[in-house]
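Enquirer: Line by line, the protein sequences give chains A and B. Using the numbering used here, read the first sequence as starting at 3 and increasing by one per residue. Using the numbering used here, read the second sequence as starting at -14 and increasing by one per residue.
FYI, nobody ran anything at the bench for these hints, they're computed from the structure. Some hints here could point you the wrong way.
Residues of chain A placed beyond 12 Å of chain B at every Cβ, according to the derived structure [claimed, not checked]:
1. GLU36
2. MET68
3. ALA187
With a straight-line cut-off of 30 Å between C-alpha atoms, the simulated DSSO-like cross-links for lysine-lysine are [unchecked claim]:
4. LYS97/A with LYS228/A
5. LYS131/B with LYS237/A
6. LYS244/A with LYS199/A
7. LYS36/B with LYS245/A
8. LYS132/B with LYS244/A
9. LYS159/B with LYS245/A
10. LYS36/B with LYS116/B
We put the beta carbon where it would ideally sit given N, CA and C, even for glycine.
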Amino acid sequence: MPSSLQSPKISARGVDAFFGKVQALHNVSLDIPEHRVLAIIGPSGCGKSTFLRCLNRMHEVAGGSMRGEVFLDGEDIYKADPVSVRRKVGMVFQKPNPFPTMSIFDNVAVGLRLNGLAKKSELNDIVERSLQQAALWDEVKDQLDKSGVSLSGGQQQRLCIARTLAVNPRVVLMDEPASALDPLATAKIEELIHELKSAYTIVIVTHNMQQAARVSDSTAFFYLGKLIEHGETRKIFTNPEKKQTEEYITGRFG
Amino acid sequence: MPRHFEMELDQLRTMLIRMGSLVEEQIDCGVKSIIDGDESLSALVIERDKKVDEYDNAIDQQCMRIFALTQPVAVDLRLLMAALKINNELERIGDIAVNLAERVKALVPFRAFVKETRLSEMATAAREMVKAAIDSFVNNDPGLAKKVLTSDDVIDSIDRQMFELMVGKMKGSKDLIEPAVHVVILSRHLERLADHATNIAEDVIFLVNARIIKHNADEQI
């Protein structure tokens, strides 16, 4: 387990998740300290994306149900307003999904406008800051009026990250954020994750084991809806405790 | 699921095992050439070192290829790291066999003197350690590797005794300075053999148990 003594930023306690009667997660408990990157790995269908969606109440939007508790800064998010939870716990998806009818500027500003979070005078600053944090500002600063979908795939994904950051979340969830991108765009996203962890707490689901090893501080291995092992990334990738983890990361699974 | 990758790792292990038995033979021949004053045997050892060097290069290449193409992790990563290091130790052991062989000609006039020393006994003990270290790798046996670690003190102690004994001989007679210096150097070579065996044993413990024990660095990982 991570050796951090600080209280966790986000903490899952005994999480069970269901799709109808099918149980997708079994009693998962995990602590993620602030300013750390947790990577979740495991074969398809192991529950890693479901777990991610339990961390910002997206699972219930997808028609699922859950038992257990998830605390953000010690507060149970299932006793809070789901909209405010999703603002505090932002999400970036596998496929870049900028709003197609909106400009680059509006794509970043949309969350702030909808939530009434920023005065008009502040909006420009926040959009610029968010695009800078997402390492996209220099590439788009002269074309903020252009459509978000005019950008390349990698730029679109960074635009989506900027959109997530604009509402000033505490935690950023990323569900395979680079799996649709080429190696250069992937490298940019990975570098960005390193930069962002000084300000945010990040959870990333990835199928790419080397990516998990490169970007994360701790790694959790899920299999058949169960958390098999969670530990320091350098420990998991040099000397995992569990046989199943070793078989999975060395490609000897099944 | 049989995999191409497994074959690459098996090939690596096989090369290391073959190199291990080659250097064991090199030590045997190197020591025998000293004890028997056999110059043709020493020439064979020197010539055959090329083969050891070929293994050294081939194993480095194989490790580099696997690192670059497969990004190994966990037990596979530890095997590759251990393989690189064991390869290095085996190559050095091969060099020591050559060092022994290179001294044969100069020692021919002093065969009787050499036979009276504990060189033969020391060579046997060092040879046993090298064999046990290589066996511990072949059999993935950290228990045997630990035994190697405890044997090193015996060799060190003989080396020190030998040094004192030779200094005594040199003080006693100028005529004995030359053979005694040879014996001190040979003794030091054999002591180094034991050190390389110890390093291999430490690598095997790292490989199997993921524990770094050299320089008392345990628990850092």
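Enquirer: All the hints need checking, so say for each whether the structure fits it.
Expert: Status of each hint after checking the structure:
1. In this structure GLU36/A is separated from chain B by more than 12 Å, as the shortest Cβ-Cβ distance comes to about 25 Å.
2. No beta-carbon of chain B comes within 12 Å of the beta-carbon of MET68/A; the shortest separation is about 32 Å.
3. For ALA187/A, the condition that its CB be more than 12 Å from all CB atoms of chain B holds, with the nearest at approximately 20 Å.
4. For the suggested pair LYS97/A and LYS228/A, the alpha carbons sit about 26 Å apart, so the restraint of at most 30 Å is met.
5. Distance hint between LYS131/B and LYS237/A is fulfilled; the C-alpha atoms sit about 24 Å from each other, no more than 30 Å.
6. Between LYS244/A and LYS199/A, the direct Cα distance comes to roughly 28 Å. Compliance with the 30 Å bound is thereby established for this hinted pair.
7. In summary, the hint linking LYS36/B to LYS245/A is not supported, as the alpha carbons are separated by about 39 Å, beyond the 30 Å threshold.
8. The straight-line distance between the Cα atoms of LYS132/B and LYS244/A is roughly 28 Å, inside the 30 Å bound, and the hint therefore holds.
9. Under the criterion of a C-alpha separation no larger than 30 Å, the hint pairing LYS159/B with LYS245/A is inconsistent with the structure, at around 66 Å.
10. For the suggested pair LYS36/B and LYS116/B, the alpha carbons sit about 19 Å apart, so the restraint of at most 30 Å is met.
Consistency with the previously given hints fails for numbers 7, 9, ordered from lowest to highest.
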